[in-house]
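Number of protein chains: 4
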Amino acid sequence: MENTLFKGIIAYPITPFDEKEKVNILLYKQLLERLIVSGSHGVAPLGSTGVMPYLNDEEKQAITEATVTQVKGRVPILVGVSNLTTERTIYHAKFAEKAGAAAVMIIPMSYWKLSDDEIVRHYDAVAKQISIPIMAYNNPATAGIDMSPKLLKRILEIPNVTMIKESTGDIQRMHYLKKELGDSVAFYNGSNPLALSAFAAGATGWCTAAPNLIPELNIALYNAVQKNDLQEAQKIFYKQIDLLRFIVEKGLPRAVKAGLQILGVEGGYLRKPLQPLEEHEIKELDRILQLVNN
Amino acid sequence: MENTLFKGIIAYPITPFDEKEKVNILLYKQLLERLIVSGSHGVAPLGSTGVMPYLNDEEKQAITEATVTQVKGRVPILVGVSNLTTERTIYHAKFAEKAGAAAVMIIPMSYWKLSDDEIVRHYDAVAKQISIPIMAYNNPATAGIDMSPKLLKRILEIPNVTMIKESTGDIQRMHYLKKELGDSVAFYNGSNPLALSAFAAGATGWCTAAPNLIPELNIALYNAVQKNDLQEAQKIFYKQIDLLRFIVEKGLPRAVKAGLQILGVEGGYLRKPLQPLEEHEIKELDRILQLVNN
Amino acid sequence: MENTLFKGIIAYPITPFDEKEKVNILLYKQLLERLIVSGSHGVAPLGSTGVMPYLNDEEKQAITEATVTQVKGRVPILVGVSNLTTERTIYHAKFAEKAGAAAVMIIPMSYWKLSDDEIVRHYDAVAKQISIPIMAYNNPATAGIDMSPKLLKRILEIPNVTMIKESTGDIQRMHYLKKELGDSVAFYNGSNPLALSAFAAGATGWCTAAPNLIPELNIALYNAVQKNDLQEAQKIFYKQIDLLRFIVEKGLPRAVKAGLQILGVEGGYLRKPLQPLEEHEIKELDRILQLVNN
Amino acid sequence: MENTLFKGIIAYPITPFDEKEKVNILLYKQLLERLIVSGSHGVAPLGSTGVMPYLNDEEKQAITEATVTQVKGRVPILVGVSNLTTERTIYHAKFAEKAGAAAVMIIPMSYWKLSDDEIVRHYDAVAKQISIPIMAYNNPATAGIDMSPKLLKRILEIPNVTMIKESTGDIQRMHYLKKELGDSVAFYNGSNPLALSAFAAGATGWCTAAPNLIPELNIALYNAVQKNDLQEAQKIFYKQIDLLRFIVEKGLPRAVKAGLQILGVEGGYLRKPLQPLEEHEIKELDRILQLVNN
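Protein chains in written order, with our numbering: chain A, 821 to 1114; chain B, 821 to 1114; chain C, 821 to 1114; chain D, 821 to 1114.
Some hints here could point you the wrong way.
Note: identical chains are not told apart, hence a pair may lie in one copy or across any two.
What the hints assert, rightly or not - No more than 25 Å apart at the CA atoms, straight line, and that leaves these computed lysine to any residue pairs for SDA-like:
(1) K1103 to I952
(2) K827 to K973
(3) K1092 to I952
(4) K827 to N876
(5) K1092 to Q1110
(6) K840 to L1001
(7) K849 to K1103
(8) K948 to E1069
(9) K1055 to R908
It is worth saying that the hints were derived from the structure and are not from the lab.
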């Protein structure tokens, strides 16, 4: 089934820059490779973690191509193609399909609050132009729009919209999706601190930047759930929750970048206006990472 | 340990009235007996479900005494003694202790938003006057105050405050409590639709009015968690979620009253301004109860 | 017209207690007299400022009677009679009418969120038992319920509900009331920091505890608006805004009590859980009062 | 003084497209001319109304140049140059200055919530590259970030940040700005339904798309305030409030486009995902415009 293309841990790479804020493709491939070899079940370039909205068209295309080249079919690829205009969204969705993505992820980015009808037409216009599945992504914190369960249900009537990524942080949304949509639609958790609750509620996968820093714990949580071992899952979850909360609170690209540095991994530079974490924040992260790894 | 006095399903009885809005103690005892024989692990009179704030001092005392008489030691009793003034809270806490309550539950009711210091002093003043444990109750929706995790931590430094009931509906609060307070403090879930997530997060018990209508499912959820069977817990949870959501959305006393009527159980009258559910709401509840019981 | 009973500055007295937390009627009368002689156009005992919800039935009645005795018809009296149950609300509304109140103020206090129908029936049940006008009071921060403009319109269909006090702090509500209800209904501002905007929007009066501390500035603002002098109104408003913000932020009874002390006026004690302001808060208030009076 | 470059009514043109979603510069100039001849005191191309975020670099530059050409110095021009990255913001700010803008408007667009430090550095980096003044724009609804009064104060320490546009819809923010910053900084209202309150609070100007539809009423409100005639201002405000609310609720570009059509003015096409208003919405707008013009 299309909706089981992705499951388990779907890892989000960062997009590293060089000193002059140019995308560093070579370093990107190295960081991506870390995610694959550490056992992630899928990868998702050009997500929020990958600062997709800060990249121009050429840069996005270079990242997509580099991902396909590096992955070499080892895991399925989910490419973020969201854009403020429908025309540019279609453009990048077609590019991703042609390049070899397994699916595309689309959040209805908005400057002006879009009506439900505008959002449905937006998804529909893109869906008509590609053959691969679409993961509809709900995240009011970054998109400025909160797609209601009712709207998501409408969007899921579009044939190749087969997956939902839920990042409101409200577990009731997942209960609703599971209850209303049953097994015909896979839903994915995009809210890191909800990882345990979401799996308990029946999420098919977890979309997360955490494998850049703690892949073993992320994968162990999924495995415990697969083994129906709630006590083990709870124990593993509480080992990583401080890290999950920290990276969400500080912003994923900045926090992952700082974490890589602590781990001794080259993570490149950020693109402005993003700035490195403050010294005291880095110390806090250092402390959290040491506790996590004990 | 004091903090394991209560565990599992702590059932909240309604307070039934007669036609003239007088408390009907005889009927109260019958409704309470249903909760005990159906297997609840504890009972909690004078909660929100029992419309405690709508009762005068004499009525509250009559309910407390009737509960002790009826329970006859079969399960522990948690009596709600919250009041706007510190003086009245102390009065009812002492009464409950003397009558035979195992513990009292206290929410910092507020008309004026209380400062953290005022809340701590309020709990402290009550705690000094009784020997039984206190369950601190956080529920911004009814109290008008949201006690921060930091404040709860301060309150827990008071020796006989040993339990927390969390009803914000935010699972992250429970993660925090579990992580920060470890096993020294028991926390209880007071948000019905969070029942699965809360148990997954390590809640010791579930404070709920649902056993008035679906005791078997409530207890079965707890049992599945005790057996470490996540898949079974998930299945049982999704069977009852529509009912849990309904009773919360419509208000517990009104919804329980309507549900009892559908089940053919006499539930008495409500006290105004509370009114019976509308006809269409009763039909919806009827439909939900039929699905639940299949 | 009934709806012009009250206009201008409607002053809210505090309820002072003695050392043992008993209501101090003698001191209450002195504090009330200050409000009258300083020029307030009406007085409103048993409001939030008067900690009405913290008083028992006998105490409320004593305050009502003391107010009528002291005022001696010099200004109209608006008595707060809100209660969680409909029965007690009726009881106090009838008492107020008999004692000589010009009108009663009713907020739909709620523990359980009331439905629109429940709120309308509540007002209707009270209105049927008295002949004096009712001011419907909307204040989600203290009542836990936010009456929508649509609901307020329904309540205003009850014949003796002729005034609305709006305390959401959202000026758009007043725009709506003025636009929808025209001149047939008087609306009053209950949000101190909105005083200028509300008068600019057409509010008939300002319900405020500020005259306990700065009556001249409160009255001067109203007078400037009456004279259609916007620039003067703006100037006077900015002179008092820091004080208005302070008393709202700290809670009216506590802030007024502290302010009286600074002004050298005996204000009695608070009833617990309310505690006096902290030392640093009192210093801040002192600084604000000195600036205001220059 | 630099901060009085703009005052009164600063009108926001829409950006019209042709059938194929290309920017229609000729039509843009005609629509801009309407704003100038109807008496607006300034114009602001590339605002939210002008769907700036939906335009690519070349399109933005064409609009800027067309504005300068058309205005011919008759009114000052405020060009929107906000961008997700600091580098692109600088690029467009420099372009606007060179083209002849009187000032630029910058909102800290964010995908990732920016820290206060990141925002200050962003403004500072742009400010250093241009000589014309900057209007800092706060609008959490479109930017996803709410700049606190404290942060705005920091930004205003940058020499050529001399104006603030406030669009939170909270009049208290303007009170704070006026009180804290005094007369050294001009603040502008960007929330249409707050027009009366904002002028009453001392706003120097009103940034609005309304002059596309009802320029006479917008200008009359400003004139009444200038004449210190509060009653007249109130009367004129209530004549236009329904229109102001409608265009905000429906989204400015879509609502202005529909309004132009009703007025018989060619407004071009929208760029997708934006869609024309629904039929019933157009009827409502028609009714409102008829009432307004009587």
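For K827 and K973, with the copy left unspecified, which applies at a CA distance of at most 25 Å: within, between, both, or neither? within (21 Å within a copy, 38 Å between copies)
With identical chains treated as interchangeable, where does the CA-CA distance between K840 and L1001 reach 25 Å or less: within a copy, between copies, both, or neither? neither (47 Å within a copy, 38 Å between copies)
Under a CA distance limit of 25 Å, which applies to K1055 and R908: within one copy, between copies, both, or neither? This pair counts as neither: shortest intra-copy Cα distance 44 Å, inter-copy 42 Å.
Go through the copies and call it for K849 and K1103: within, between, both or neither, with a Cα cutoff of 25 Å. Result: close neither inside a copy nor across copies, 28 Å intra and 55 Å inter.
For the identical chains here, do K1092 and I952 meet the 25 Å Cα criterion within one copy, between copies, both, or neither? So K1092 and I952 pass the 25 Å test across copies only (22 Å; inside, 34 Å).
Within, between, both or neither: K827, N876 at alpha-carbon 25 Å: neither (30 Å within a copy, 37 Å between copies)
At most 25 Å between C-alpha atoms: does K1103 with I952 qualify within a copy, between copies, both, or neither? neither (43 Å within a copy, 41 Å between copies)
Alpha-carbon proximity between K1092 and Q1110, which holds within one copy, between copies, both or neither at 25 Å: Intra 29 Å, inter 46 Å, cutoff 25 Å: neither.
As a check of your reading, is K948 near E1069 (CA-CA no more than 25 Å) within one copy, between copies, both or neither? neither (37 Å within a copy, 30 Å between copies)
Of the hints listed earlier, those the structure fails to meet are numbers 1, 4, 5, 6, 7, 8, 9, in rising order.
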